[in-house]
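Undergrad: Use these hints to put chain C onto chain W, whose structure you have.
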Amino acid sequence: MNEPRINGVGITDFGRFPELSGEALAQAAIRDALADAGIAIGEVQAYYCGSAIGALLTGQRALRELNTHGSAVYNIDNACASGATALNLALQALKAGQHDTVVVFGVDHESSLVAGPQDLKQGDWNERRGMDAPALHAMRAMRYMRDHGLTAATLADVAVKNRRHGVLNPIALLCQQATREEVLAAPLVAEPLTLLQCCPSGADGAAALVLTTQPGKGSAAPIRLLASVVLSGVFDTGPVDITRAELSARAARMAYEQSGLGPNELGLVELCDAFTISELLYCEALGLCGPGEAGGLLDSGATALGGRVPVNPSGGLLAKGHLPGATGVAQVVEICQQLQGRAGQRQVEGARIGLAQVAGGFLWGLDEAACAIHILSV
Amino acid sequence: MDVLAGGILVRLCRRKAAHIRETAWGMVLVATRSPGREELQFPPAEYVHDIEAPQNVLIGPVGRLYAYTVIHSATGDEPPRMVAMVDFEPGVRAFGPLLQGEGPPEIDGDVRVVPYALPDGARDYAFRVGHDAPK
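Respectively, the protein sequence lines represent chains W and C.
The numbering used here numbers the first residue of the first sequence as 1 and each following residue consecutively.
The numbering used here numbers the first residue of the second sequence as 1 and each following residue consecutively.
If we strip away everything but chain C, and leave its shape as in the complex, we get:
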């Protein structure tokens, strides 16, 4: 859509590209790099201002486990679940659920991006311990 900003007509639109992508080497995340900036952003930019769209940059499928925790439900009705911060080259961090894999999670160890679903059923990502693709 076109909107007035400071009396100037500019284009404002919502990016349609997904934040995850299946590739031959597994699921990867899609970060963005805004025009004129070096650093990557994940989650990717949601809105594009004016005509210069951010560049999509694939990150993963393997990253380094920066930190994680195991969350326990207060009532004990639900099983414990893990969440993690994962660092990807070339310098971007993503947060998401962490799944058991080849062994227990180890800080600074490898994790892989894998398909997962959000609680509302939407297609999303998680991290699985280890660097090998799930069998």
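Chain W with its partners taken away, still in its complex shape:
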């Protein structure tokens, strides 16, 4: 059996489209990916749909008008890692020989929902007592600042960097450049996080990938998947260190082991910067630097475009918004485009290997619920 590869990618604009449905956006991304792969929809044997905040049967609702002839549809909800989990499952099916060509797509339509942080889970113990995603990350930031001397200015610089990247990304419609002073002066959401340090809420978008074991028919180089890991958080109500991102660190170790690579060999990283502090914690969890060193790594310019290992060259979630279903797939689309040399103004020169990390979903007893990491190469 041939090695499964990504032969086509598709992505819609990420913005607020109340006049469109999530299904319509998903169809656009799928058509885009099929055209990129140079295949017809009739060649696809199964669809893996990541969606976390939509209604039931998101995949079937998106696909019914694309004339898919009743192909298998898998709907996957795994919080922020939904789309990336769909990719993991699709890869397993290809490796098992169950299918030879599949489509992975992720979609969510937040503008049709109530604005602001999404509920964690109705009835969750902590949520009933005032927990939400910004509050949790703000507490991580407070503790990290205390433990490692991180300044508010450096924390704000994560948003400055990713917004600087995002304005180079034509799909990041919600992104506007901001200075450190503007980030710090924005309205407070949960101290120390200001509004410009939180990913924009109410975004809509979709992304899709064609995976196949068949010879490529598209014009771009096929992309290899060197590692694909999905893990869950460990139940622990003890005094854990919430600045450690234990789940992502554990998943990263497994991904490096699968790929035979290490963090020093990465050319770029797309990670889950739902909040500024998230990027710093995940840089450490991925081994890009040591504990407490992420602020210095940012200050050095290593994670900016032109640096040693650009982090979130797409602008990340801070620029695009965070759609739990689509984010993981969109990250992989970005890495594919970067590795294929078609990322336009935000191109990371000479990138050969990229890593995508997404994590989230907070329930009491779990620091984070789900994490997925993929390592890709040309």
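Calculated from the structure, these hints are not laboratory results.
Quick caveat, the model's predicted, so the values are computed rather than measured.
One should not assume that every hint holds.
Going by beta-carbon spacing under 10 Å, a handful of chain C positions derived as facing chain W [to be verified]: (1) Ala24; (2) Tyr66; (3) Ala67; (4) Val70; (5) His72; (6) Phe88; (7) Gly91; (8) Phe95.
Only some residues are given here: those of chain C computed to face chain W with a beta carbon under 8 Å [to be verified]: (9) Glu39; (10) Pro79; (11) Val83; (12) Met85; (13) Asp87; (14) Val92; (15) Val114; (16) Leu118.
Beta carbons are placed, not taken as given, at the ideal position from N, Cα and C, and that holds for glycine.
TA: Just chain C, lined up with the frame of chain W:
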């Protein structure tokens, strides 16, 4: 109630014990320790499987403020509110609202469990800055 699990009849029931308790030294939280396990759990176990009930362990009334934040409403219609993670001996963490006390909150400083009400009016707990009982 009795339920079948893998063909075996087991007992499944909901714990009735409250997660807070008033004592002579103030309000404390009630954690649980499941049979055969060392670590404590808070919030306490909600369901008891089979006949071995978890042990109730009182924690507090004073804990150490591990992390906190001040949440601001998007509309500005509501006053800012604080929430916190608090560590208690012998090794359990609780989350809840944080109230002003003797001074501003300080990470690694003392906080005390005090009575509070959930938004729906249910009797609950919060943390107050400082270790002394409220006057």
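Undergrad: Look at each hint and say if it fits the structure.
TA: How the hints compare with the structure:
1. Ala24: violated (26 Å)
2. Tyr66: holds (7 Å)
3. Ala67: Interface hint status for alanine 67 (chain C): holds (4 Å vs cutoff 10 Å).
4. Val70: holds (4 Å)
5. His72: Holds. Min distance 5 Å.
6. Phe88: This hint holds: phenylalanine 88 (chain C) lies near chain W, its Cβ roughly 9 Å from the closest one there, short of 10 Å.
7. Gly91: Result: holds, 5 Å to nearest chain W Cβ.
8. Phe95: holds (5 Å)
9. Glu39: holds (6 Å)
10. Pro79: violated (13 Å)
11. Val83: holds (4 Å)
12. Met85: holds (6 Å)
13. Asp87: holds (4 Å)
14. Val92: holds (6 Å)
15. Val114: violated (14 Å)
16. Leu118: Holds - the Cβ of leucine 118 (chain C) comes within 8 Å of chain W, reaching about 6 Å at its closest.
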